[in-house]
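So the sequence lines, in the order shown, correspond to chains A and B.
The first sequence runs 127 to 605 under the working numbering.
The second sequence runs 19 to 662 under the working numbering.
Calculated directly from the structure, the hints in this document are not laboratory data.
Keep in mind that a hint or two might mislead.
Label-pair ranges, simulated between beta-carbon atoms [as the list claims (entries may be wrong)]:
1. A:Lys490 x B:Asp383: 34 to 40 Å
2. B:Gln225 x A:Gln398: 38 to 44 Å
3. B:Val658 x A:Gly393: 19 to 25 Å
4. A:Gly393 x B:Ile63: 57 to 63 Å
5. A:Gly192 x B:Leu163: 55 to 61 Å
6. B:His640 x A:Met131: 47 to 53 Å
7. A:Val526 x B:Glu511: 44 to 50 Å
8. A:Arg163 x B:His640: 36 to 42 Å
9. B:Leu646 x A:Gly477: 35 to 41 Å
10. A:Lys490 x B:Leu646: 35 to 41 Å
11. A:Gly393 x B:Gln225: 55 to 61 Å
Idealized CB from N, CA, C, for every residue including glycine.
Listed below are the residues making up each chain.
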Amino acid sequence: MMTTMPDLSPLYAELFLAGAALVLLMLGVFRGEQSARSISGFAVIALIATAGLVLAGGGETVTTFGGSFISDQFAVYMKVVSLLGAAMILVISGPYMQAEKMDRFEYPVLILLATLGMCLMISANDLIALYMGLELQSLALYVIAAFKRNSQRSTEAGLKYFVLGALSSGMYLYGASMLYGFTGSVGFEGIAQSAAAAEVSGGVVIGLVFVAAALAFKISAVPFHMWTPDVYEGAPTPVTAFFAAAPKAAGVALVVRVMIDAFGTMGPQWQQIMIVVSILSMALGAFAAIGQTNIKRLMAYSSIGHMGYALVGLAAGTVEGITGVLVYMAIYVVMNGGVWVCILSMRRAEGMVENIDDLAGLAKNNPTMAFALAVLMFSLAGIPPMAGFFGKFYVFMAAVDAGLITLAVIGLVTSVVGAFYYIRIVKVIYMDEPAAAFDAPASGGMRVVLLGSTAFTILFVVAPSSLVEVAGKAAASLF
Amino acid sequence: MISAIVFMPLIGAILVGFMGRRIGDTGSMILTSSLVVLAAIFSAITLADVAFGHNPQHIVVLEWMRSGDFELDWAFKVDTLTAVMLFVVTGVSSLVHIYSIGYMSDDPHRPRFFAYLSLFTFAMLMLVTADNFVQLFFGWEGVGLASYLLIGFWFKKSTANAAAMKAFIVNRVGDFGFALGIFALFMVTGSVEFDAVFAQAAQYQGQSFNFLGYDVDILTTICLLLFVGAMGKSAQLFLHTWLPDAMEGPTPVSALIHAATMVTAGVFMVARCSPLFELAPVALEFVTVIGATTAIFAASVGLVQNDIKRVIAYSTCSQLGYMFFAIGVGAYPVAIFHLFTHAFFKALLFLGAGSVIHAMHHEQDMRKMGGLWKTIPFTYAMMLIGTVALMGFPGTAGYFSKDAVLEVAYAAHSGVGNYAFWMGIIAAFMTSFYSWRLIFMTFHGKTRADQHTFEHAHESPLVMLVPLVLLSIGALFAGYAFYDSFVGHHFQEFWGDAIFIADPENGVMHHFHDVPDWVKRLPIVMGGIGFVTAWLFYIKITSIPGALAKQFEPIYQFLLNKWYFDELYDLIFVRFSKWLGEKLWIFGDGKIIDGLGPDGVAASVMQVTKRVVALQTGYLYHYAFAMLIGVVGLVTYFLVWGVH
Numbered sequence: 127m128m129t130t131m132p133d134l135s136p137l138y139a140e141l142f143l144a145g146a147a148l149v150l151l152m153l154g155v156f157r158g159e160q161s162a163r164s165i166s167g168f169a170v171i172a173l174i175a176t177a178g179l180v181l182a183g184g185g186e187t188v189t190t191f192g193g194s195f196i197s198d199q200f201a202v203y204m205k206v207v208s209l210l211g212a213a214m215i216l217v218i219s220g221p222y223m224q225a226e227k228m229d230r231f232e233y234p235v236l237i238l239l240a241t242l243g244m245c246l247m248i249s250a251n252d253l254i255a256l257y258m259g260l261e262l263q264s265l266a267l268y269v270i271a272a273f274k275r276n277s278q279r280s281t282e283a284g285l286k287y288f289v290l291g292a293l294s295s296g297m298y299l300y301g302a303s304m305l306y307g308f309t310g311s312v313g314f315e316g317i318a319q320s321a322a323a324a325e326v327s328g329g330v331v332i333g334l335v336f337v338a339a340a341l342a343f344k345i346s347a348v349p350f351h352m353w354t355p356d357v358y359e360g361a362p363t364p365v366t367a368f369f370a371a372a373p374k375a376a377g378v379a380l381v382v383r384v385m386i387d388a389f390g391t392m393g394p395q396w397q398q399i400m401i402v403v404s405i406l407s408m409a410l411g412a413f414a415a416i417g418q419t420n421i422k423r424l425m426a427y428s429s430i431g432h433m434g435y436a437l438v439g440l441a442a443g444t445v446e447g448i449t450g451v452l453v454y455m456a457i458y459v460v461m462n463g464g465v466w467v468c469i470l471s472m473r474r475a476e477g478m479v480e481n482i483d484d485l486a487g488l489a490k491n492n493p494t495m496a497f498a499l500a501v502l503m504f505s506l507a508g509i510p511p512m513a514g515f516f517g518k519f520y521v522f523m524a525a526v527d528a529g530l531i532t533l534a535v536i537g538l539v540t541s542v543v544g545a546f547y548y549i550r551i552v553k554v555i556y557m558d559e560p561a562a563a564f565d566a567p568a569s570g571g572m573r574v575v576l577l578g579s580t581a582f583t584i585l586f587v588v589a590p591s592s593l594v595e596v597a598g599k600a601a602a603s604l605f
Numbered sequence: 019m020i021s022a023i024v025f026m027p028l029i030g031a032i033l034v035g036f037m038g039r040r041i042g043d044t045g046s047m048i049l050t051s052s053l054v055v056l057a058a059i060f061s062a063i064t065l066a067d068v069a070f071g072h073n074p075q076h077i078v079v080l081e082w083m084r085s086g087d088f089e090l091d092w093a094f095k096v097d098t099l100t101a102v103m104l105f106v107v108t109g110v111s112s113l114v115h116i117y118s119i120g121y122m123s124d125d126p127h128r129p130r131f132f133a134y135l136s137l138f139t140f141a142m143l144m145l146v147t148a149d150n151f152v153q154l155f156f157g158w159e160g161v162g163l164a165s166y167l168l169i170g171f172w173f174k175k176s177t178a179n180a181a182a183m184k185a186f187i188v189n190r191v192g193d194f195g196f197a198l199g200i201f202a203l204f205m206v207t208g209s210v211e212f213d214a215v216f217a218q219a220a221q222y223q224g225q226s227f228n229f230l231g232y233d234v235d236i237l238t239t240i241c242l243l244l245f246v247g248a249m250g251k252s253a254q255l256f257l258h259t260w261l262p263d264a265m266e267g268p269t270p271v272s273a274l275i276h277a278a279t280m281v282t283a284g285v286f287m288v289a290r291c292s293p294l295f296e297l298a299p300v301a302l303e304f305v306t307v308i309g310a311t312t313a314i315f316a317a318s319v320g321l322v323q324n325d326i327k328r329v330i331a332y333s334t335c336s337q338l339g340y341m342f343f344a345i346g347v348g349a350y351p352v353a354i355f356h357l358f359t360h361a362f363f364k365a366l367l368f369l370g371a372g373s374v375i376h377a378m379h380h381e382q383d384m385r386k387m388g389g390l391w392k393t394i395p396f397t398y399a400m401m402l403i404g405t406v407a408l409m410g411f412p413g414t415a416g417y418f419s420k421d422a423v424l425e426v427a428y429a430a431h432s433g434v435g436n437y438a439f440w441m442g443i444i445a446a447f448m449t450s451f452y453s454w455r456l457i458f459m460t461f462h463g464k465t466r467a468d469q470h471t472f473e474h475a476h477e478s479p480l481v482m483l484v485p486l487v488l489l490s491i492g493a494l495f496a497g498y499a500f501y502d503s504f505v506g507h508h509f510q511e512f513w514g515d516a517i518f519i520a521d522p523e524n525g526v527m528h529h530f531h532d533v534p535d536w537v538k539r540l541p542i543v544m545g546g547i548g549f550v551t552a553w554l555f556y557i558k559i560t561s562i563p564g565a566l567a568k569q570f571e572p573i574y575q576f577l578l579n580k581w582y583f584d585e586l587y588d589l590i591f592v593r594f595s596k597w598l599g600e601k602l603w604i605f606g607d608g609k610i611i612d613g614l615g616p617d618g619v620a621a622s623v624m625q626v627t628k629r630v631v632a633l634q635t636g637y638l639y640h641y642a643f644a645m646l647i648g649v650v651g652l653v654t655y656f657l658v659w660g661v662h
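Sequences and hints are given; from them, build the entire structure.
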């Protein structure tokens, strides 16, 4: 029997990234700890180069490995967002890792592996390939959550994340086996065909629910969000920043692909799940964040809320809706980069501080950063003309067009409630009695990320259509 | 070139705003000023090309928003109306920039001030170049924001902060109407672009739609809503209260924002929407009445004010009233003409007053001035020119434009037109009186300033005087030079399609040239009487004002307290909303929301957080349990309510 080599050309970028991760790992092993900084630098270059390869690969829809790997416009868009998000976080992690004596070479390598997992799951076209990408990403994330080995909080975070992650993986596999049993296929196209052909059976719906629940865990949507605040607070801050950016983008991409590609004909079923999950996430994100005093915890609830808004677009289930989701995620990742630069700069002589009150007087001590953080907060709150407003605008418009007016109204109300705690931070920065200044000025890389993120947030209003057009093409490639 | 005009001030604002410290005070001032001056030169060229060369332009900068059927480009619409406004805005703005170099010379935050000035200029340019209502609204809000920043520039002064807040809040009321108007337009016509909306306007004439439960005329409702926005921006009666208080800001700001540019945005907007207003006669009558009433109201309050800037502020309010009633009777070109000339002499008066204030070490009370003409003769001469132009002395700019305004009101031969005409005539008398009162109290008689201040009063530096000279040239000659093109017999050739007039051949725009002679002379006579009365009161027999004030105490108090508008609003709105807010706060917020909402949630979150100390609490189990509950809930939902 002849075995032919599968066509590898659609995965050049992933192969490059895997190779880079292995080379850097070897480099680290043989060169020892002192090489951590240069490896981190190489990792950033590798991520950006991979993004370049992804873009160079073009956007035609190609499948390989017997249809379990797909490359299309959608995959290109989300991979670029995830890769650049990861690179951004790696750039801003450096000073923290050095100050906390954690700059070990395993960190950038694990980030590379996690990002590789994301790329694979974004391109997954069947349930098994999806599981493989998901686990590659998750295993790397479990380890870096517990990366500060001598900190009880960090190890606690890692362990919690691992146990709950394992539970969600179990749910996923259970759901996947149900789907295979009832449709006779693990490929998304096969599932879609069999779901379209016959009356939708209860087994398929239950499989769908389990799979959706497991994926919702990855993007920390309510009620599968419980791990988020604890892990965000406990993990080292750069790791939290990473959690908030790239894996969220990849997770949302995954949900979108599974729902549209595999269950496209079962819209009425999964739309109901998405509406419920979206409303719960938006509400919890808005209300629970108000009571927080720790800024990392606050950002955890903020990210829960933002996932809710992104799911509004998915719930619409139209090309416009998915376009909205894609625009939303790109804006979200960029805004987050800037916010985390500010949080990573909250360092005083006695160590890192994490309370919102510690930001008091930032306007006086560091007006530039205060301005940038204020802009980003306004943007997260969705106040025009910041970029965050457009993210919300496109998903809500799509929801209204799809007739989900109640959902859009609830979204508007929660975004108003949510604006309260974002603006409270601005108030603390500008109005409260100044606290002691932060020392250790931000590194060059951090400044570049903060500047870029703020500039993007402010200037997005000038030319929103350029991003929206690309996102629109990416979304159209799914349908 | 249009893009350069619009964006140069923005570039200046950004550079100086973010890097002011690095550029330095002097660098910041020179950078912003030269960019705006350059914009002014370009604007003059544009005016010549577009208005006199009959070459209106439409420039798409970029595609802006695309969402379903909703398409919007960011584009510049440059016709004669816009070109005139561009010239006024950049012209006055560049002079104010230069003047501020001298006026703000001892302020430690000069880069910030110049950045705000340039930012304001940019927003105003956005507003006048708008090609659709959304862009107009962005500019509209932008000038509001920049003016808030500028009024409150001396943020350590609590009155300045309060004034900034008041300006912002009162304008919110107007903006609400404006936004409703835009929504209604979009709902009816399905577009927000000027050309598309105006093209459809005719087909809705006389039709009605359901608004707030009533069947109302479409165009009248929309025009009234839009006009509410204009009333807020242009400080017309009922929404005027913020303008006098805004005088707390630095004086160059008053000259730029509260004389020449932002307050005229309302006039501009209504003129821009002439294709709508022309088809809504009821709305136009309303505009006339409000305009005429504002003209007389503000002038009467101006009679008794003692703060030099407040007198000019009420005068501005009153002159804006003139512009609006000119619009109300359908004479848009006349209104814009008055806007154009008014920009020169009112900016001149403000900057002159600034020069007086500068000389007197920030003293603004006219009762503590007097006899200054000897110490600051140049400023005196400039203020005189501004005053004769404002009162409409024959030959000056104000003479041509104000008389034209009054003549069109007369020529309208309608009830509201006659009302406006007579109110305008009385207001002309008052204008002359308070202007001369200002001159006499400030510059003539024996000084009432304390010895020290008076002796140290000094003429302003050259950098402040040059803008005054340039403005005074405009105040003297702008009327004569532009009368024929703006409002002469061939006005249509000049304005092109920029302004729509329903009946151009037989309207007031032609009849007003043929009004009886007494109508033409009356304003001059009234101005003369005003001058003589002021001279009698404040030079010849200085005891008269005091005696009159005592004799007619109630009237005096009524005027001094600005017709008690602030008190009335305080009683109706401020106290009531405070009372309502307090009730809601105690009952709603305290009992319901705090109990169950933020505080409750916060308390429970805190409690939970406290319990999470170690790993062994079983908390993880809770998490897993919540996930399972979620899955079970969803599965149950589908099993019980069925699979569709």
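Violated constraints from the hint list, given by number and in increasing order: 10 and 11
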